[in-house]
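Colleague: Below, each chain spelled out in residue letters.
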Amino acid sequence: GENVEQHPSTLSVQEGDSAVIKCTYSDSASNYFPWYKQELGKRPQLIIDIRSNVGEKKDQRIAVTLNKTAKHFSLHITETQPEDSAVYFCAATPTGTASKLTFGTGTRLQVTF
Amino acid sequence: NAGVTQTPKFQVLKTGQSMTLQCAQDMNHEYMSWYRQDPGMGLRLIHYSVGAGITDQGEVPNGYNVSRSTTEDFPLRLLSAAPSQTSVYFCASNGGVSETQYFGPGTRLLVL
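Protein chains in written order, with my numbering: chain V, 680 to 792; chain X, 2 to 113.
Because the hints were derived from the structure by calculation, they are not lab data. Even glycine gets a Cβ: it sits at the ideal position worked out from N, Cα and C. Incorrect hints may appear among the rest.
[What the hints assert, rightly or not] Every beta carbon over 12 Å from chain V, so not counted as near; a handful from chain X, in silico:
1) Gln7
2) Lys15
3) Ala53
4) Gly64
5) Tyr65
6) Pro76
7) Gln102
8) Gly105
9) Leu113
[Stated by the list, open to error] Within a straight-line C-alpha distance of at most 25 Å, the following computed SDA-like cross-link-like pairs (lysine to any residue) qualify:
10) V/Lys701 - X/Glu100
11) V/Lys716 - X/Leu80
12) V/Lys750 - X/Pro9
13) V/Lys750 - X/Glu60
14) V/Lys721 - X/Val61
15) V/Lys747 - X/Gly97
16) V/Lys750 - X/Arg45
17) V/Lys721 - X/Arg78
18) V/Lys721 - X/Asp74
19) V/Lys721 - X/Thr87
20) V/Lys721 - X/Val89
21) V/Lys747 - X/Thr6
22) X/Lys10 - V/Gln724
23) V/Lys701 - X/Pro40
24) V/Lys716 - X/Asp39
25) V/Lys721 - X/Thr6
26) V/Lys716 - X/Asn2
27) V/Lys716 - X/Leu110
Isolated chain V, as found in the complex:
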């Protein structure tokens, strides 16, 4: 089955700086890669996703890049704000849908003043 590794496990940045979280996956058939944000005590929420036919996708301050050859994908957050502080999870699936996801172990992002 699929195996997703996520780094770093914790990340501290100053407000206004950029943050990058990286994930690698093992199954070359994986074709859908979502990212979720989870605030303390809350449910995970989708913030951006990318499919295997696209190399990069951007939504305001958030972007995701995908390198299929190397089997890794990354989340980039620019101009970080305190409200970006949360745990971020990457995930992958070969099904093309969000119904059978393998998640990474999460990155706790702390944005400090």
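For chain V, the structure is supplied; the task is to place chain X on it using the hints.
Modeller: What follows is chain X alone, placed relative to chain V:
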């Protein structure tokens, strides 16, 4: 729309007891999934369903049963609870290939 709802919010069980975690969605989504979340391990898929009457196992199915008799409901059953099943359980649903997956608020389960 209420979205994805889960009951109960919190439950304490004794080893060997059984219970059902309820999950319902009112978005007419075909796909529904159950995950458990443990510290340092992210979310792990227990079971999922691609439509009424169709279920399949995920990464950690042992000790759990599911059924999908209607589009709206996807209950998760623990037949004989064990301390290793202490976790936070999330139900999720999505409408199809290009649809966002929505999570329920979670059920926190403690097995003593």
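Colleague: For this structure, which hints from the list above don't hold up?
Modeller: Violated hints (numbers, rising): 1, 7, 8, 11, 12, 21; every other hint is consistent with the structure.
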